[in-house]
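Given chain A's structure and the hints, the job is docking chain B onto it.
The residues making up each chain are set out below.
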Amino acid sequence: MNPFERSDLPGKLFIVEGIDGSGKSTQLDLLHKWLVGRGYLVLFSEWNSSPIVKGTTKRGKKRKLLSPMSFSLIHAADFASRIHAQIIPALQAGAIVLADRYVYTAFARDAVRGVNRDWLRRVYSFAPRPTISFYFDVPLDEAIRRILEGRPALKYYEAGLDMGLDDDPEESFRIYQGLIRAEYAALVDEFGLERMDATENLIRQQQRMRELVEQHLDGVMRVEGRDLHDALAKAGLRGRYLAGRSQLMEVGP
Amino acid sequence: MTEVRFYGDRPPGIEEATLPGRLIVIEGTDGVGRSTQVALLKEWLEDRGYAVLDTGLVRSELAGPGIKRAKQGHTLDPITLNLFYATDFWDRMERQIIPALRAGMVALVDRYIFSLIARATVRGVSREWMEHLYGFALVPDRTVYLEIDFDHLLPRVLSRGFDYWESGQDFLRENDVFRSFEKYQSELLPEYLRLARDHHFEVVDARRGIGEVFEVLRAKVAEAVKGMEVDRLATPDPPVEIREDSASAN
Chain A
1 MNPFERSDLP
11 GKLFIVEGID
21 GSGKSTQLDL
31 LHKWLVGRGY
41 LVLFSEWNSS
51 PIVKGTTKRG
61 KKRKLLSPMS
71 FSLIHAADFA
81 SRIHAQIIPA
91 LQAGAIVLAD
101 RYVYTAFARD
111 AVRGVNRDWL
121 RRVYSFAPRP
131 TISFYFDVPL
141 DEAIRRILEG
151 RPALKYYEAG
161 LDMGLDDDPE
171 ESFRIYQGLI
181 RAEYAALVDE
191 FGLERMDATE
201 NLIRQQQRMR
211 ELVEQHLDGV
221 MRVEGRDLHD
231 ALAKAGLRGR
241 YLAGRSQLME
251 VGP
Chain B
254 MTEVRFYGDR
264 PPGIEEATLP
274 GRLIVIEGTD
284 GVGRSTQVAL
294 LKEWLEDRGY
304 AVLDTGLVRS
314 ELAGPGIKRA
324 KQGHTLDPIT
334 LNLFYATDFW
344 DRMERQIIPA
354 LRAGMVALVD
364 RYIFSLIARA
374 TVRGVSREWM
384 EHLYGFALVP
394 DRTVYLEIDF
404 DHLLPRVLSR
414 GFDYWESGQD
424 FLRENDVFRS
434 FEKYQSELLP
444 EYLRLARDHH
454 FEVVDARRGI
464 GEVFEVLRAK
474 VAEAVKGMEV
484 DRLATPDPPV
494 EIREDSASAN
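In order, the protein sequences belong to chains A and B.
The numbers in our numbering rise by one with no breaks, and the one at position 179 of the first sequence is 179.
To get our numbering, take the position in the second sequence, counting from 1, and add 253.
Isolated chain A (complex conformation) (with noise of 0.2 Å):
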């Protein structure tokens, strides 16, 4: 079934999925980066990050409130706030959006909490159809290793404590995102996801992503004069209080 009901949009979508520890972000973070150095003007969003929803979710993960059902609709409600509030209104102003994390979150983590898939994918139907999906595949046992390496602690949802796989956080963890990996590659094929080799090399990874993206941005919105760091430089100042500023005028490296 198709669960993306628009695609008609004039900006681009380009969004990244992997599990934990496959370096995902990371790819984002240089592939924005290099589109701002560009002049390409960007909005960036994350899971999880909608300033009306995600206190709630913090509520609920703290209080260990939430079920497989609710944890699914909160995580809903906070794609639904960021699709109708930030995408949309870029993409329709012909803006690049990158996206970290997409509906196939939902679609791999909340199947594994044994939410029904074709439920999940007709709530997900407002959700406008990307331009290019990325999904880093990695093998588990390198992402548990980029994990624990870097974090000391796991946390109860991210675990998946809450699921009664194991009483060990780190047993938990490994048994919670090889089920969620197992979901991605279904995925992969269900809706012709860009499969990148997570294990090669960064700037290779890089490469291959920029290669692909470029291929959409011919006429694609440039901003001249963005450039806050040519403007203070040229005035002078340092910009201290320039902390609350737009995502929309993000600058480059």
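No lab work stands behind these hints: they were computed from the structure.
Hints are not guaranteed to be accurate.
Unchecked claim - Beta-carbon label-pair distances, calculated as ranges:
| no. | chain 1 | residue 1 | chain 2 | residue 2 | range |
| --- | --- | --- | --- | --- | --- |
| 1 | A | 195 | B | 424 | 38 to 46 Å |
| 2 | B | 270 | A | 208 | 51 to 59 Å |
| 3 | B | 440 | A | 140 | 47 to 55 Å |
| 4 | A | 164 | B | 270 | 17 to 25 Å |
| 5 | B | 417 | A | 6 | 23 to 31 Å |
| 6 | A | 195 | B | 480 | 57 to 65 Å |
| 7 | B | 309 | A | 164 | 30 to 38 Å |
| 8 | A | 26 | B | 270 | 43 to 51 Å |
To be verified - Quick look at which bits of chain B chain A covers, simulated, 3 or more residues with Cβ under 8 Å:
| no. | stretch |
| --- | --- |
| 9 | 330-339 |
| 10 | 440-450 |
Backbone N, C-alpha and C fix where the C-beta goes; we use that ideal spot for every residue, glycine too.
Relative to chain A, chain B alone:
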């Protein structure tokens, strides 16, 4: 026994085929007198020995406070709002209603998925999407709809004042609240009726006085709780005497 049936697929977390309690839903537009009737029903049921859970929209521990906060601002699109409501609904389903039904209680629910569907539909959200979303809702043992027309509704709402959301001012382009309310209800009431037809509600004429409505409602609820363990229906009910003016507060 409540037969555990869902509108769509069975959601994860509920395994039983039947539950000993009863799920009774009272539906109706804002201002029709639902809360008053729920309060009366609760007292009446408790007096007869039933353990009662009463719950209604936005009363979940998880999402209640978040929805109230979100509605203070004006940046809320209808899809987000409905997914927020769905979170609130499911949290109450799972952590209030189902446990009450497991314990053999009567769950008296002030507005269920139908008010949410009606309100979303008139705001342009796909009816099909809404009904699909709420596929995880348990089919109630009884859904009673308090039916009213605009002329009878108006004085009840006037007595307590108009509300921004209940007058559809978040989406209708009307200058004054009265016009907005009129237009909103003229779209909303037919939507309720459609749901009542499609989902076989018991329709109660709510144009009548509080006491009369209660008498009809009580008979319907009595039928729904028949056969429960605490059945003490042997004593006949006294006639209802409620003074209209004092009980009109909603």
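These are the hints, each one checked on the structure:
1. Taken as a hint, the range 38 to 46 Å holds for the pair residue 195 of chain A and residue 424 of chain B, whose Cβ atoms sit roughly 43 Å apart.
2. With their beta carbons about 52 Å apart, residue 270 of chain B and residue 208 of chain A fall inside the hinted range of 51 to 59 Å.
3. At about 53 Å, the beta-carbon gap between residue 440 of chain B and residue 140 of chain A stays in the expected band of 47 to 55 Å.
4. In this structure, residue 164 of chain A and residue 270 of chain B meet the distance hint of 17 to 25 Å, their C-beta atoms being roughly 23 Å apart.
5. Between residue 417 of chain B and residue 6 of chain A the C-beta distance comes to about 30 Å, which sits within the given range of 23 to 31 Å.
6. About 58 Å separates the C-beta atoms of residue 195 of chain A and residue 480 of chain B, a value consistent with the hinted range of 57 to 65 Å.
7. Hint check: residue 309 of chain B to residue 164 of chain A, Cβ distance near 32 Å, so the stated range 30 to 38 Å holds.
8. A beta carbon spacing of about 49 Å between residue 26 of chain A and residue 270 of chain B agrees with the range 43 to 51 Å that was offered as a hint.
9. As drawn, the stretch 330-339 of chain B meets chain A at 6 residues by the rule of a beta-carbon pair under 8 Å; at three or more, the given contact holds.
10. For the stretch 440-450 of chain B, the assignment as covered by chain A is violated, since 0 residues bring a beta-carbon within under 8 Å of that chain's beta-carbons and 3 are needed.
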